[in-house]
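Visitor: Here are the chains, one letter per residue:
Protein chains: 2
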Amino acid sequence: MANTSPAIEDYLKTIHAHTEWQPEPITPSVLATRLAVAPSSVTEMVKKLAAQGLVTHQPYGAIRLTDAGLSRALGVVRRHRLVETWLVSDMGYGWDAVHDEAEVLEHAISDRLLEAIDTHLGRPVRDPHGDPIPQADGSIVSVPTVLLSEAPAGHAGTVVRISDRDPLLLRRLAAGGIRPGVLVTLSGDTLDGPDGTAVELDADGREAIWLTA
Amino acid sequence: MANTSPAIEDYLKTIHAHTEWQPEPITPSVLATRLAVAPSSVTEMVKKLAAQGLVTHQPYGAIRLTDAGLSRALGVVRRHRLVETWLVSDMGYGWDAVHDEAEVLEHAISDRLLEAIDTHLGRPVRDPHGDPIPQADGSIVSVPTVLLSEAPAGHAGTVVRISDRDPLLLRRLAAGGIRPGVLVTLSGDTLDGPDGTAVELDADGREAIWLTA
DNA sequence: GGGTACTTTTCGGCACGCCTAAAAGCGGCT
DNA sequence: AGCCGCTTTTAGGCGTGCCGAAAAGTACCC
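Taken in order, these protein sequences are the chains called A and B. For what it's worth, full-length UniProt numbering labels the leading residue of the first sequence as 1, then goes sequentially. For what it's worth, full-length UniProt numbering labels the leading residue of the second sequence as 1, then goes sequentially.
Keep in mind the hints are simulated off the structure, nothing from the lab. Please note that a few of the clues may not be correct.
[Stated by the list, open to error] Taking beta-carbon pairs under 7 Å as the criterion, some of the chain B residues facing chain A (in silico):
(1) 91
(2) 92
(3) 101
(4) 104
(5) 105
(6) 108
(7) 110
(8) 113
(9) 116
[Unchecked claim] Some residues of chain B that are not near chain A, with every Cβ distance over 10 Å (derived):
(10) 139
(11) 172
(12) 206
Source: prediction; values computed, not measured. Backbone N, C-alpha and C fix where the C-beta goes; we use that ideal spot for every residue, glycine too.
Make a model of the complete structure from these sequences and hints.
Guide: Given below as C-alpha cells:
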C-alpha cells in the first residue's frame with residue numbers, strides 16, 4: 001500500500017498536472033506524450049495504478065485520480081516545488097533553471113528532509129514560478145488569476161504564475177524582465193513590463209502566464 | 001563510458017570504503033555483506049564493472065579499483081560527504097542522523113548542484129563525522145591520526161573522525177559528548193571526554209574512532 | 001594425496017519499466 | 001450500415017539488478 005517508485009510518482013504528478021488548471025481528464029495518448037513513453041507503457045502502468053486504487057480507468061476511457069492518488073500526487077508536487085524554491089533561495093539557481101534538478105530530487109528526499117526544507121524556507125506558499133506549493137495537509141493557498149490567453153486586450157496585472165513546461169520560454173521571459181511579482185500590461189501579442197521591457201508571445205506563450213484578475 | 005547507476009555507484013563506493021583506511025583489497029563475500037546482496041549478485045556486477053574498466057578482478061580473486069574506478073568512487077564519496085555536511089549545517093540534522101538521507105541524495109544531485117552546495121558551504125574539507133571530503137580535483141586533505149584500537153593506553157588527542165557505519169554507536173557517542181573536535185583520553189576500554197563524560201567501547205567501537213596522533 | 005569446509009561462479013528465474021508490432025475498439029463519414 | 005483512421009490494448013521481448021540452488025574452485029588439514 002505504501003508502494004511507490006519514481007515512475008509511479010511521475011505518472012501521478014503528470015496526471016495531476018493536466019487537471020490542475022482545467023477539468024478535462026487526461027487520455028492515455030496525452031499522458032504518453034507528456035511522459036515521453038510509448039502508449040503501451042501507459043496502458044501497463046495505468047493498470048497497475050488502478051490496481052493500487054490510485055486512479056480510475058476503464059478500457060479505452062480517460063484516466064482520473066482517486067482521492068488517494070490525488071493526495072499522493074500533491075505530495076510529489078509539494079516536494080518538487082519546495083525543492084525548486086530551495087534551489088533558488090539558497091543555492092543561487094535562476095528560477096528558469098531549477099526544473100530538471102527538482103525533477104530528480106523530488107524522488108529522493110525523505111519526509112523528514114522535506115519538512116526541514118519547508119521550515120528552513122519559512123513555509124512558503126508559492127514556488128519561484130508562482131506555482132502554489134501544496135501544504136503538508138494537502139491544502140492549497142490560491143489567489144484569483146487570469147490566464148493571458150483569456151485576458152481582455154489591455155489587461156494589466158501582476159504576474160502570478162508562469163508555467164515551467166518550456167525552458168526556452170522561461171529564459172526569454174527572464175531575459176525580458178518578466179517574472180512572478182512584476183506588473184505587466186497586455187497589448188495584443190506583446191506583454192509590456194516595467195522600464196519599457198516587452199516580450200512578444202505566441203499562442204503557447206499566452207497559455208503559460210497567469211496575471212492577477 | 002559515462003555509464004552509471006545508483007547500483008554501480010554503491011559498489012564503487014563500498015569497494016573504495018574498504019581500502020580507504022587499510023590496504024587489503026576486498027573480497028566478493030565481504031562486498032556482498034556490506035551491500036546486503038547475495039554473493040552471486042556481486043559476481044555479476046563485478047564482471048560488469050571490470051568490463052567497463054572500473055575494477056580489476058580475476059575469477060576467485062580479490063577486487064581492486066582501477067584509476068578510473070577510484071576517481072568515480074571519490075566522486076560518489078564527495079557527493080555523500082558534502083550532502084551530509086549540508087544537512088547538518090543548513091537543515092538542522094544531527095551529525096549522527098545524516099547517513100541514510102545522504103545515501104539516497106548522493107545519487108540524485110547534479111554536478112552543478114554539487115558545486116553550488118560546495119560553494120555555499122565554503123568548500124569544507126571534512127564532513128560532520130570528520131571524514132575527509134575529496135575535493136573536485138580528486139585530492140584529499142588529510143591530517144595524521146591514530147585509530148583508537150591502535151592507540152597506546154592513556155593516549156590523549158582530539159577526535160578527528162568517527163566511522164558512520166553503526167548508527168547506534170553514533171548515537172551513544174553523541175549522547176556521551178564524544179564528537180569530532182572534542183579532546184579525549186583513552187583509559188582502558190573507556191574514552192574520557194571533557195566535563196567528566198565517558199563512554200565505554202567494545203572492540204568494534206575502538207575500530208571506529210580516530211584521534212590526532 | 002585426498003577429503004572437507006568454505007568461497008565464488010554459473011544457471012535459471014523474477015520484478016520493474018520500458019519497447020515494437022500487431023490486434024482490438026471507437027467514432028466519424030459516406 | 002460499412003469503412004477508415006486514430007487510439008488503446010495485447011503480446012512478446014529486452015536491460016537492469018536482484019535472488020536461490022547447484023556446480024566449480026580454493027585452501028587447509030590429516
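Visitor: Against each hint, give a clear statement of whether it holds in the structure.
Guide: Now the hints, each set against the structure:
1. 91: holds (4 Å)
2. 92: holds (6 Å)
3. 101: Status holds, d = 6 Å.
4. 104: Because about 5 Å separates residue 104(B) from the closest Cβ in chain A, which is inside the 7 Å limit, the hint holds.
5. 105: With a minimum Cβ separation of about 6 Å from chain A (threshold 7 Å), the hint on residue 105(B) holds.
6. 108: Holds: closest Cβ of chain A sits about 4 Å from residue 108(B), inside 7 Å.
7. 110: holds (6 Å)
8. 113: Holds. Min distance 6 Å.
9. 116: Holds - the Cβ of residue 116(B) comes within 7 Å of chain A, reaching about 4 Å at its closest.
10. 139: holds (24 Å)
11. 172: Holds, because the least Cβ-Cβ distance between residue 172(B) and chain A comes to about 21 Å, which exceeds 10 Å.
12. 206: holds (31 Å)
The structure is consistent with each of the numbered hints, conforming to all of them.
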